[in-house]
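In the order they appear, the protein sequences are chains A and B. Residues 1 to 407, numbered by this note's numbering, are exactly what the first sequence covers, in order. Residues 1 to 116, numbered by this note's numbering, are exactly what the second sequence covers, in order.
No lab work stands behind these hints: they were computed from the structure. Some hints here could point you the wrong way.
[As the list claims (entries may be wrong)] In silico BS3-like pairs for lysine-lysine, Cα to Cα no more than 30 Å straight-line:
id	chain 1	residue 1	chain 2	residue 2
1	A	Lys29	A	Lys401
2	A	Lys176	A	Lys79
3	B	Lys114	A	Lys78
4	A	Lys192	B	Lys89
5	B	Lys62	A	Lys140
6	B	Lys89	B	Lys106
7	A	Lys249	B	Lys91
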Amino acid sequence: MGNITAIPPLGSHELGTEAIPAEHYSSQKTFELEKEKIFKKTWLMAGREADVSKPGDYVTFFIDALEVSIIIAKGKDKKVRAFYNACTHRGAHILNEPCGHTNFMTCGFHGWVFDLEGKLADVPGEELFGDFDKSKLGLKGVSVDIWGGFIFINLDPNPDVALRDYLAPLNESFDKYLGHEDWTWSYGWRAKFNANWKLLVDAQIEGYHVDQTHRNTIAGAIPGENAPAVVYPDSIGVPAKISAYRPEKILGVQTDVALLSAKHGATSLYTKSENEFTAKDGEGVLNEDHPLWIFDAYLLFPNIVLFVQKGQILVQRTIAISPSECFWEVDFFHTGTVDTFGQLFNSEQGRIQIRDVLTEDLYTAEGIQMNFNAGVIKEVYINQQEIPIRAYYHRLMKAFKGKEVSQ
Amino acid sequence: MSHIIERPDMSHMLEEINQWALPTTEERLVKRMNSSMEDIQRFYDAMLPHLASVIDYLNQFKLADLAGEDLKLSRAALAMCEVDNAVNKWKKPTLSTGIDPLRMVKKTAFNDRKVL
Numbered sequence: 001m002g003n004i005t006a007i008p009p010l011g012s013h014e015l016g017t018e019a020i021p022a023e024h025y026s027s028q029k030t031f032e033l034e035k036e037k038i039f040k041k042t043w044l045m046a047g048r049e050a051d052v053s054k055p056g057d058y059v060t061f062f063i064d065a066l067e068v069s070i071i072i073a074k075g076k077d078k079k080v081r082a083f084y085n086a087c088t089h090r091g092a093h094i095l096n097e098p099c100g101h102t103n104f105m106t107c108g109f110h111g112w113v114f115d116l117e118g119k120l121a122d123v124p125g126e127e128l129f130g131d132f133d134k135s136k137l138g139l140k141g142v143s144v145d146i147w148g149g150f151i152f153i154n155l156d157p158n159p160d161v162a163l164r165d166y167l168a169p170l171n172e173s174f175d176k177y178l179g180h181e182d183w184t185w186s187y188g189w190r191a192k193f194n195a196n197w198k199l200l201v202d203a204q205i206e207g208y209h210v211d212q213t214h215r216n217t218i219a220g221a222i223p224g225e226n227a228p229a230v231v232y233p234d235s236i237g238v239p240a241k242i243s244a245y246r247p248e249k250i251l252g253v254q255t256d257v258a259l260l261s262a263k264h265g266a267t268s269l270y271t272k273s274e275n276e277f278t279a280k281d282g283e284g285v286l287n288e289d290h291p292l293w294i295f296d297a298y299l300l301f302p303n304i305v306l307f308v309q310k311g312q313i314l315v316q317r318t319i320a321i322s323p324s325e326c327f328w329e330v331d332f333f334h335t336g337t338v339d340t341f342g343q344l345f346n347s348e349q350g351r352i353q354i355r356d357v358l359t360e361d362l363y364t365a366e367g368i369q370m371n372f373n374a375g376v377i378k379e380v381y382i383n384q385q386e387i388p389i390r391a392y393y394h395r396l397m398k399a400f401k402g403k404e405v406s407q
Numbered sequence: 001m002s003h004i005i006e007r008p009d010m011s012h013m014l015e016e017i018n019q020w021a022l023p024t025t026e027e028r029l030v031k032r033m034n035s036s037m038e039d040i041q042r043f044y045d046a047m048l049p050h051l052a053s054v055i056d057y058l059n060q061f062k063l064a065d066l067a068g069e070d071l072k073l074s075r076a077a078l079a080m081c082e083v084d085n086a087v088n089k090w091k092k093p094t095l096s097t098g099i100d101p102l103r104m105v106k107k108t109a110f111n112d113r114k115v116l
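Could you build the full structure based on these sequences and the hints that come with them?
Rendered as structure tokens:
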């Protein structure tokens, strides 16, 4: 029997050791390939099913790089559908709010009305048009599917792989756990960066940075040597994951405020709580057999880092704008409600700790981008603990070559 | 029978409570960023010995029922979460090895893109 508290190996060289060109973070040519081969061809996380729980509920989603806006709406038949947010009359956006409820989608320009199935239902002054077939002027549909309570869209009308196959090895257990109705969106942030969208993904998928980048916050709570990586070379949509484990003895500063917070809840990743999060259906997802395990963070190709733990989901999305610009978002989902001041104090403490840690994670990308754009740095070196970055790069190259085949 | 916890005597720090009892996390963040380390430390040192009893006192009410001086006290207690790292880790009001936290704009929903 091995030591049950042993941490898995930090990573491997199974994908090679060559340097990775900096060009794929900076060139317009690469960005054009990303638009054609990735943003138009792969599954993109676009919303949460709970936000379209009733017929008539909708959310909108932007793919900034393509200047594409998508409507995701639940029909009267309770089916979730996705459409280009483009009136078939003269091309206006039809819905402009991030989310809402409507029985019909009415264009604010001239009042063309589409039903929740996307069919053109009414045209004011229809007789004013000439040769006219309303049945051919429904909204253009987009592929959509739901997994783990998250809505994914794919601009390809016939995706090469179904969402479920795309996300293997994340199996039905993940679908069930992440999709549980107990999860509610708690809070989130959005920011704009002068950096390539993939740099902010890279920052979250290796544990090698932890000791140095986070030396002024969580050093000691999650040492770099407790953040191993695993790659899934056969997966199409999940190239890699990293995990985080507490040290047997937490080093670094555990402040009085953190310890008081830990009496009332479990929101902070960085303090061993006296209370556990509650979470149902975590079997096969949560590594609860390991006493030191905190979370697993999965790279969902192309732009999501999904942190899974007991009672908390953290989603980081980066949304490309241009080779050197992106939006960055993180969103937190929790089980349970905040009813007492103790819980509020705990939630506040956890939120502020992770905010400060994220400010550190985000600190380097814009400087890196400058060095890439200036041609000062032409390639980057990836060690075995950083293997998820290599897996991400390989996945990207495979997408550029064409068909979404895993073998 | 539940035991009723008495309100801790905070009369030694009414001025600090008034200064730090701001309604939102963002306002408390800005307050911390714009304060001197001396002011932050004075607030922290005055509150810390009472923080456990303040939390226990406030914890016996429903959050929605907090009002008046108790609501103010709750906001000042939450400000301790905001100054914690400055006092115990950075020894200065702001973190010099991270982006400006005000660049991270608070969202109102998962699909909110209007904030930025």
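| Of the hints stated earlier, which fail here? | The structure conflicts with hint 5 only, although it agrees with all the remaining ones.
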